[in-house]
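Engineer: Below, each chain spelled out in residue letters.
2 protein chains.
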Amino acid sequence: MPTRSWIPVPADSPFPVSNLPYGIVTIPDGRGPRMAVAIGDHVVDVAALSAIGLFDGVADEPLETFGAPVLNPLLSCGRATWTATRDRLLQLLTDESYRAKVEPTLLLRSEATSLLPFEVADYVDFYSSEQHANNVSQIFRPESPQLPENWKHLPIGYHGRSGTVVVSGTPIRRPSGQRKPRGADQPTFGPSERLDIEAEVGFVVGVPSPLGSQVPAASFRDHVFGVVLVNDWSARDIQAWEYVPLGPFLGKSFATSVSPWVVPLDALEMARVPLPSQAPPVMAYLKDSDPWCLDLSLEVRLNGTVVSRPPFATQYWSPGQQLAHLTVNGAALRTGDLYASGTVSGPHQDQFGSLLELSWGASKPFLLETGQERTFLLDGDTVSISGWAPGSDGTRIGFGRVDGTIVASDD
Amino acid sequence: MPTRSWIPVPADSPFPVSNLPYGIVTIPDGRGPRMAVAIGDHVVDVAALSAIGLFDGVADEPLETFGAPVLNPLLSCGRATWTATRDRLLQLLTDESYRAKVEPTLLLRSEATSLLPFEVADYVDFYSSEQHANNVSQIFRPESPQLPENWKHLPIGYHGRSGTVVVSGTPIRRPSGQRKPRGADQPTFGPSERLDIEAEVGFVVGVPSPLGSQVPAASFRDHVFGVVLVNDWSARDIQAWEYVPLGPFLGKSFATSVSPWVVPLDALEMARVPLPSQAPPVMAYLKDSDPWCLDLSLEVRLNGTVVSRPPFATQYWSPGQQLAHLTVNGAALRTGDLYASGTVSGPHQDQFGSLLELSWGASKPFLLETGQERTFLLDGDTVSISGWAPGSDGTRIGFGRVDGTIVASDD
Chain A
1 MPTRSWIPVP ADSPFPVSNL PYGIVTIPDG RGPRMAVAIG DHVVDVAALS
51 AIGLFDGVAD EPLETFGAPV LNPLLSCGRA TWTATRDRLL QLLTDESYRA
101 KVEPTLLLRS EATSLLPFEV ADYVDFYSSE QHANNVSQIF RPESPQLPEN
151 WKHLPIGYHG RSGTVVVSGT PIRRPSGQRK PRGADQPTFG PSERLDIEAE
201 VGFVVGVPSP LGSQVPAASF RDHVFGVVLV NDWSARDIQA WEYVPLGPFL
251 GKSFATSVSP WVVPLDALEM ARVPLPSQAP PVMAYLKDSD PWCLDLSLEV
301 RLNGTVVSRP PFATQYWSPG QQLAHLTVNG AALRTGDLYA SGTVSGPHQD
351 QFGSLLELSW GASKPFLLET GQERTFLLDG DTVSISGWAP GSDGTRIGFG
401 RVDGTIVASD D
Chain B
1 MPTRSWIPVP ADSPFPVSNL PYGIVTIPDG RGPRMAVAIG DHVVDVAALS
51 AIGLFDGVAD EPLETFGAPV LNPLLSCGRA TWTATRDRLL QLLTDESYRA
101 KVEPTLLLRS EATSLLPFEV ADYVDFYSSE QHANNVSQIF RPESPQLPEN
151 WKHLPIGYHG RSGTVVVSGT PIRRPSGQRK PRGADQPTFG PSERLDIEAE
201 VGFVVGVPSP LGSQVPAASF RDHVFGVVLV NDWSARDIQA WEYVPLGPFL
251 GKSFATSVSP WVVPLDALEM ARVPLPSQAP PVMAYLKDSD PWCLDLSLEV
301 RLNGTVVSRP PFATQYWSPG QQLAHLTVNG AALRTGDLYA SGTVSGPHQD
351 QFGSLLELSW GASKPFLLET GQERTFLLDG DTVSISGWAP GSDGTRIGFG
401 RVDGTIVASD D
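Respectively, the protein sequence lines represent chains A and B.
Residue numbering for the first sequence follows our numbering, starting at 1 and increasing by one per position.
Residue numbering for the second sequence follows our numbering, starting at 1 and increasing by one per position.
Do not take every clue at face value.
Any copy will do: because identical chains look the same in the list, a pair fits if it lies in one copy or spans two.
Said to hold, decoys possible - Below, in silico cross-link-like pairs of lysine-lysine (PhoX-like), each with a Cα-Cα straight-line distance of 25 Å or less:
#, residue 1, residue 2
1, Lys287, Lys180
2, Lys152, Lys180
3, Lys180, Lys364
4, Lys152, Lys287
5, Lys364, Lys287
6, Lys180, Lys101
7, Lys152, Lys364
8, Lys152, Lys101
Source of the hints: derived by calculation from the structure; they are not laboratory data.
Could you put the whole structure together from the sequences, leaning on the hints where they help?
Structural biologist: See below:
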């Protein structure tokens, strides 16, 4: 693969030419939302390139595919078109002979406004970090900490609210709701007092599957287009009171933030790592002989202070296993389905992916560089999650960031 | 309101002119999916009426609204347009002077094929029948049957899979998955052996709400367009093994069937009944001074035998309270959101809305008219849920039916 673009890329950029993540941006000229690819400090206006015929032959309907205001039409095209699109982009961005045509479509990333890159169909959140699940058990049930009985037999998951998946930068209003503090007789109402984050990795489904069919783990690459970072904001007090017996609902559904750039699987071949050993052995439908476990290092900042570096490679369940489980009952996939890993927590205290764990249930406040203490989030706090994975030729594949700032409740 | 249409309507029809439910159909001439309204044994091709200008002035963009292949554009218009649309339809169908223009757009309902009437945004399922919740507690925890502690403080709910909401008549493939029978050491894999129904009532959201805002119960009529019947198919064995701690997932996500005709709220004024008494008193945000509780009688048939008649009027939580709860954390509503009541079970044994309850956890098989016994569903079984509510002038508002036949698993 060509490794140098005629576009200068800063050495520490999350977006070398080996990455080429896809997004949807608006640009200052007032034209509508358009498909773009990030490279270095720039974005390439893919819609404009398509309009001058540079994607002819890449997709069956290039103008509809690359001129759409969301990634969904491209997502629905499937692996062959995804690869052809990436090959064409690499050609355009590395071959000097295209420079005269492509350069006018470039603009500084700082001048583009990123939108939610795809229309989310169904959103599923898993619970696939053993360390996280263990931490939660210890925090909430210190007398008998143990994983749920089913935890090592299947990747536990639930459906979230796809209509409240928002792009990085969207302000997060502190949710109100019912909660019942320990020892209280009655529930009370008010803004959440235990507002938390969950640092996660999300997988974006492109190719649908019919109702009544199963998608094996081995078909992961045929259905999944790429990867985003996810912050699954969580109101722990609301969640704790509501979640028995039907699971999280309002404690999660107020907002889920995603990073604006969808990193294609094709950029992540070098980041693949083996599946951790799984005992007891998994059922046949969960076997994943070619897993897409990723050496993806997350970094969580709170008001600028790095508070955690969760390692995604420590997840117990692979994304292919999650996909196989999600569809084993015949549930259909749709273009734009998003499924997330669940909170990523590594074995060390500075690798936990939630404030619940970092403050050990609010019993151990942690320090920011400003000298301030935190357990859960205060109004005005800004959380920023970034991620990096090894790329080809010694490059690093960045995932950009998923940011959010807490806005006070109206209540 | 005019009570007689120039279209003959059989006396026992679910679709008198006081009903006028909306659907999407295909018709034998091969034209694409189109908006239709059911009346008697006929459907009126609303798209065709719109194309000849008969809905001009009713919506801002009549052709886009009434010519769409889903109800969503109409749903998004809001209450004023919904009322104007209904008024126009009543005029067209009761005033003989329109007969010459309208008659050519009629066709027999039996010749139309109903499609899923709206694109489902998010699907939420509640758990709002006290009798059902009590039954479930007694069946699973006979030694200490009690409602969950939160049950009378908030309408418990969870998000389902909107991508597997299907229209009545869609075959339901028996789902496979993991289950762990009581007393077994290890989970096993295979087709569900406890496939069940849940007879429910669904509410279709038309008008969206912005992220970060709350929708009060009093705004129910401004946001909710109409009502459908729902069969929330459930694999009890899969659900029982998976649902701790994050709630139902694969035990539900394989399919949820809805009736093809969305009955508008305007047709249900006469069916409104008071909110049951609620003790302890509900929090301020759950007060509903103008509730849309409905005297809606469901009927569940299994292979033709009526096995239950669940009365929706016995629900503990009102649809307005459910809407207020759903959004109290600032979760946005979208056009096409669907939320369902949860299983409707009345106080008597022949009013239970699931086979789990009708067979009391498979301990008491019940008889069909054929002499066959049932507990859970067998392959080839057909379930049909219908519903009726009182209409104006002594008419009855029918909801049509939500049907489904079980197809054997491939596993």
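Engineer: Work down the list of hints and note, for each, if the structure agrees.
Structural biologist: Against the structure, the hints come out as follows:
no. : hint            : result
1   : Lys287 - Lys180 : between (41 Å within a copy, 19 Å between copies)
2   : Lys152 - Lys180 : between (31 Å within a copy, 13 Å between copies)
3   : Lys180 - Lys364 : within (21 Å within a copy, 39 Å between copies)
4   : Lys152 - Lys287 : within (13 Å within a copy, 43 Å between copies)
5   : Lys364 - Lys287 : neither (40 Å within a copy, 39 Å between copies)
6   : Lys180 - Lys101 : neither (62 Å within a copy, 62 Å between copies)
7   : Lys152 - Lys364 : neither (29 Å within a copy, 34 Å between copies)
8   : Lys152 - Lys101 : neither (53 Å within a copy, 65 Å between copies)
Checked against the numbered hints above, the structure violates hints 5, 6, 7, 8; every other hint is satisfied.
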